[in-house]
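Chains as they are written, first to last, in this note's numbering: chain A, 1 to 111; chain B, 1 to 115.
These are calculated hints, taken from the structure and not from any lab test.
There could be a bad hint or two in this list.
[Unchecked claim] Cut-off 16 Å, straight-line C-alpha distance, at most; resulting in silico cross-link-like pairs (EDC-like, lysine to aspartate or glutamate):
{"#": "1", "chain 1": "A", "residue 1": "Lys98", "chain 2": "B", "residue 2": "Glu96"}
{"#": "2", "chain 1": "A", "residue 1": "Lys106", "chain 2": "A", "residue 2": "Glu45"}
{"#": "3", "chain 1": "B", "residue 1": "Lys42", "chain 2": "A", "residue 2": "Glu5"}
{"#": "4", "chain 1": "A", "residue 1": "Lys42", "chain 2": "B", "residue 2": "Glu1"}
{"#": "5", "chain 1": "A", "residue 1": "Lys42", "chain 2": "B", "residue 2": "Glu3"}
{"#": "6", "chain 1": "A", "residue 1": "Lys98", "chain 2": "B", "residue 2": "Glu1"}
{"#": "7", "chain 1": "A", "residue 1": "Lys98", "chain 2": "B", "residue 2": "Glu3"}
{"#": "8", "chain 1": "A", "residue 1": "Lys98", "chain 2": "B", "residue 2": "Glu56"}
{"#": "9", "chain 1": "A", "residue 1": "Lys106", "chain 2": "A", "residue 2": "Glu39"}
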Amino acid sequence: ILNVEQSPQSLHVQEGDSTNFTCSFPSSNFYALHWYRWETAKSPEALFVMTLNGDEKKKGRISATLNTKEGYSYLYIKGSQPEDSATYLCAVVRNFNKFYFGSGTKLNVKP
Amino acid sequence: EPEVTQTPSHQVTQMGQEVILRCVPISNHLYFYWYRQILGQKVEFLVSFYNNEISEKSEIFDDQFSVERPDGSNFTLKIRSTKLEDSAMYFCASRETGIGANVLTFGAGSRLTVL
């Protein structure tokens with residue numbers, strides 16, 4: 001069992017605020033890290049996949065970084081909007097094909 | 001856009017009954033998975049399936065669970081004799097390949113309530 005930790009567990013921000021959250025994992029046998037966005041009553045959707053130390057990915061106002069040596073990834077949202085409200089899940093891939101999910105960070109953006 | 005579909009969306013069953021959850025993965029995907037999330041807990045891996053056989057399973061996936069791909073399109077999860085602790089949201093997912101960078105495409109989930 002691989003312990004993937006996400007913090008904070010939940011976050012309440014005002015529209016326009018920028019925010020970030022963390023995914024921490026043991027750095028050994030790392031293969032890839034995935035971020036998924038999970039809106040209520042929908043299925044999780046992939047945001048980013050990162051494999052290399054120092055990787056940075058960006059999609060609109062959302063970006064992510066990866067540090068495989070120290071075992072963490074940050075997800076940033078610039079200028080949060082109410083439609084960003086969702087649970088953000090990270091998953092670490094080890095041994096080629098096995099995904100280990102964190103508990104998620106639940107983001108609520110108030111208009 | 002292609003999607004993974006799951007049925008039923010919600011099933012209520014009595015303890016000890018058999019339940020079959022169905023999934024139709026994306027047609028050109030080769031790897032199939034079942035995950036579950038008990039309310040308030042992490043998403044947990046149950047089983048992965050490739051080339052018509054189980055490639056990996058977790059300690060949760062005991063003899064009460066089985067998976068099948070009976071007709072080349074459906075991918076089913078069967079729980080033979082449900083327990084109260086099987087109550088959870090069950091997600092099917094598929095991937096085009098087994099490469100770690102290849103994302104999972106999830107279905108919307110099947111909520112199982114065992115009474």
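To test your reading of the hints: which numbers does this structure violate?
6 and 7
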